[in-house]
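So for the sequence shown, full-length UniProt numbering puts the first residue at 1; every next one is plus one.
Hint data in this document are derived by calculation from the structure and do not stem from the laboratory. A hint or two may mislead.
[What the hints assert, rightly or not] Derived Cβ-Cβ restraints for the label pairs, each shown as a range:
no.: 1; residue 1: Leu342; residue 2: Lys87; range: 17 to 25 Å
no.: 2; residue 1: Trp369; residue 2: Ser308; range: 45 to 53 Å
no.: 3; residue 1: Ala147; residue 2: Lys108; range: 30 to 38 Å
no.: 4; residue 1: Leu5; residue 2: Leu342; range: 21 to 29 Å
[To be verified] Cross-link-like lysine-lysine pairs, in silico, DSS-like; alpha carbons within 25 Å at most:
no.: 5; residue 1: Lys67; residue 2: Lys128
no.: 6; residue 1: Lys128; residue 2: Lys72
no.: 7; residue 1: Lys3; residue 2: Lys411
no.: 8; residue 1: Lys108; residue 2: Lys56
no.: 9; residue 1: Lys67; residue 2: Lys220
no.: 10; residue 1: Lys128; residue 2: Lys107
Glycine is no exception: its CB is placed at the ideal position from the N, C-alpha and C atoms.
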Amino acid sequence: MNKVLLIIQREYITRVRKKAFIVMIFVVPMLILGMSAVIGLVAKNSQELSNDQVVKVIDDSKAFEGKLHNVKHIKFETGKQPLAEAKAALQEDENLSVLVIPADYTKKQVQILSKKKPTYQVTNEVEKQMNAIASAESLVAHHIDTALLNSINKTHIEVNALEVTATGTKDANLGATMGVGIACAILIYLSLFIYGAQVMRGVIEEKTNRIIEVIISSVKPFQLMLGKIIGVGLVGLTQFGAWILLSVVSSKIAGHAFSGPGSPMAGAIAVLSTIPFGYILMCFIFYFLTGYLLYSALFAAVGSAVDSETETQQFMFPITLPLLFTYILSVSVLFQAPDSPLAVWLSMIPFTAPVAMMVRIPFGGVPDWQLGISMALMIAGFLFTTYVAARIYRVGVLMYGKKASFKELAKWFFYKE
Numbered sequence: 001m002n003k004v005l006l007i008i009q010r011e012y013i014t015r016v017r018k019k020a021f022i023v024m025i026f027v028v029p030m031l032i033l034g035m036s037a038v039i040g041l042v043a044k045n046s047q048e049l050s051n052d053q054v055v056k057v058i059d060d061s062k063a064f065e066g067k068l069h070n071v072k073h074i075k076f077e078t079g080k081q082p083l084a085e086a087k088a089a090l091q092e093d094e095n096l097s098v099l100v101i102p103a104d105y106t107k108k109q110v111q112i113l114s115k116k117k118p119t120y121q122v123t124n125e126v127e128k129q130m131n132a133i134a135s136a137e138s139l140v141a142h143h144i145d146t147a148l149l150n151s152i153n154k155t156h157i158e159v160n161a162l163e164v165t166a167t168g169t170k171d172a173n174l175g176a177t178m179g180v181g182i183a184c185a186i187l188i189y190l191s192l193f194i195y196g197a198q199v200m201r202g203v204i205e206e207k208t209n210r211i212i213e214v215i216i217s218s219v220k221p222f223q224l225m226l227g228k229i230i231g232v233g234l235v236g237l238t239q240f241g242a243w244i245l246l247s248v249v250s251s252k253i254a255g256h257a258f259s260g261p262g263s264p265m266a267g268a269i270a271v272l273s274t275i276p277f278g279y280i281l282m283c284f285i286f287y288f289l290t291g292y293l294l295y296s297a298l299f300a301a302v303g304s305a306v307d308s309e310t311e312t313q314q315f316m317f318p319i320t321l322p323l324l325f326t327y328i329l330s331v332s333v334l335f336q337a338p339d340s341p342l343a344v345w346l347s348m349i350p351f352t353a354p355v356a357m358m359v360r361i362p363f364g365g366v367p368d369w370q371l372g373i374s375m376a377l378m379i380a381g382f383l384f385t386t387y388v389a390a391r392i393y394r395v396g397v398l399m400y401g402k403k404a405s406f407k408e409l410a411k412w413f414f415y416k417e
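Can you make the complete structure from the sequences, with help from the hints?
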């Protein structure tokens, strides 16, 4: 046990003393805050940043002539010149587009031409206005009062999502909850890759430098692998702890600085205060640790089986495929239906649970029995993968010059002590 502690101490101290580690502790929270501010600013001013666009309309159907109205940054002009001349004009003006509406626009395709690819803003506005005009014409043709219909369509109903608890009802804050769930999925996905890869690189480095032969003479391969995994894992927890502390401090400072009545910051803080960050944080630490132990053991086994990092690709993809698959589903599907059968099953399987469960937990609808089973399977999963990886690691760290394959790894697993 003392040898394992020494290895943990070496791995931990070596990494936390690096300048890159210290710099990243302060840089990452600043980058996240800066990126959030830039994204918000760009989203707010996106309309102002775009150039004014002119759309010349050549309407052979005469159904839309004079009916397309100007909007901000988009001006519609009726085109009188032939189509060939309009196309030639496109080469002289990048902010010019030509809208060609055939006589039978219901059967032939409507086209929009420009020197470069038309922006989504322009094409979307053209489609919206043309559909509205065509619908209005169809209603008139069927003797339907469009004025009355428009007055009816002006009715707007907003639905306020509330969560019923034992103490009463509270705002569900679905937008903030979805944001936290996706952020947790992204963070745990990246952390498992980053810190697992650090374990693999450490093993490869010691193996290629032949330091491993000296170390193995003093400790057992399993002790060395375990020490490396735990040491790097503690480095990850230290970074997360520092980031959380800095984020809390910065949010407190921002809250006091911009907490005036009606300020956006005050509203954002009020919304975030309804999310159980303590519960989410405890679950995050558990799934990070168990997921890291599960994947880092496999990363260590891969590192022991190869002589350079370029040889790891054939092993990396099958190992990380479940994690990548779940990550893609999490940011596209699971956050929309966190209690669906797919989300439940993915949160139970150890190879996919760290990402899938961290999407579900912020929504607060995970039953205790599902969370308990998931956690138990995570513990069993990392114990199993550690056992498998240790049997491969004990042989692989002393193998040089032999190109490993999955068949070869299976042989190493069954080698007797």
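Against the structure, the hints:
1. Leu342 / Lys87: 17 to 25 Å: Given a distance of about 49 Å, which is not inside 17 to 25 Å, the answer is violated.
2. Trp369 / Ser308: 45 to 53 Å: holds (46 Å)
3. Ala147 / Lys108: 30 to 38 Å: Cβ of Ala147 to Cβ of Lys108: about 31 Å, so the range 30 to 38 Å holds.
4. Leu5 / Leu342: 21 to 29 Å: At 42 Å between Cβs, range violated.
5. Lys67 / Lys128: holds (13 Å)
6. Lys128 / Lys72: It holds: about 14 Å lies between the C-alpha atoms, which stays within 25 Å.
7. Lys3 / Lys411: Since the Cα atoms of Lys3 and Lys411 sit roughly 28 Å apart, the hinted pair is violated (cutoff 25 Å).
8. Lys108 / Lys56: Holds, at roughly 19 Å.
9. Lys67 / Lys220: Violated. Lys67 to Lys220 sits at ~81 Å, over the 25 Å cutoff.
10. Lys128 / Lys107: Distance of about 18 Å is within 25 Å: holds.
The structure shown violates the earlier hints numbered 1, 4, 7 and 9.
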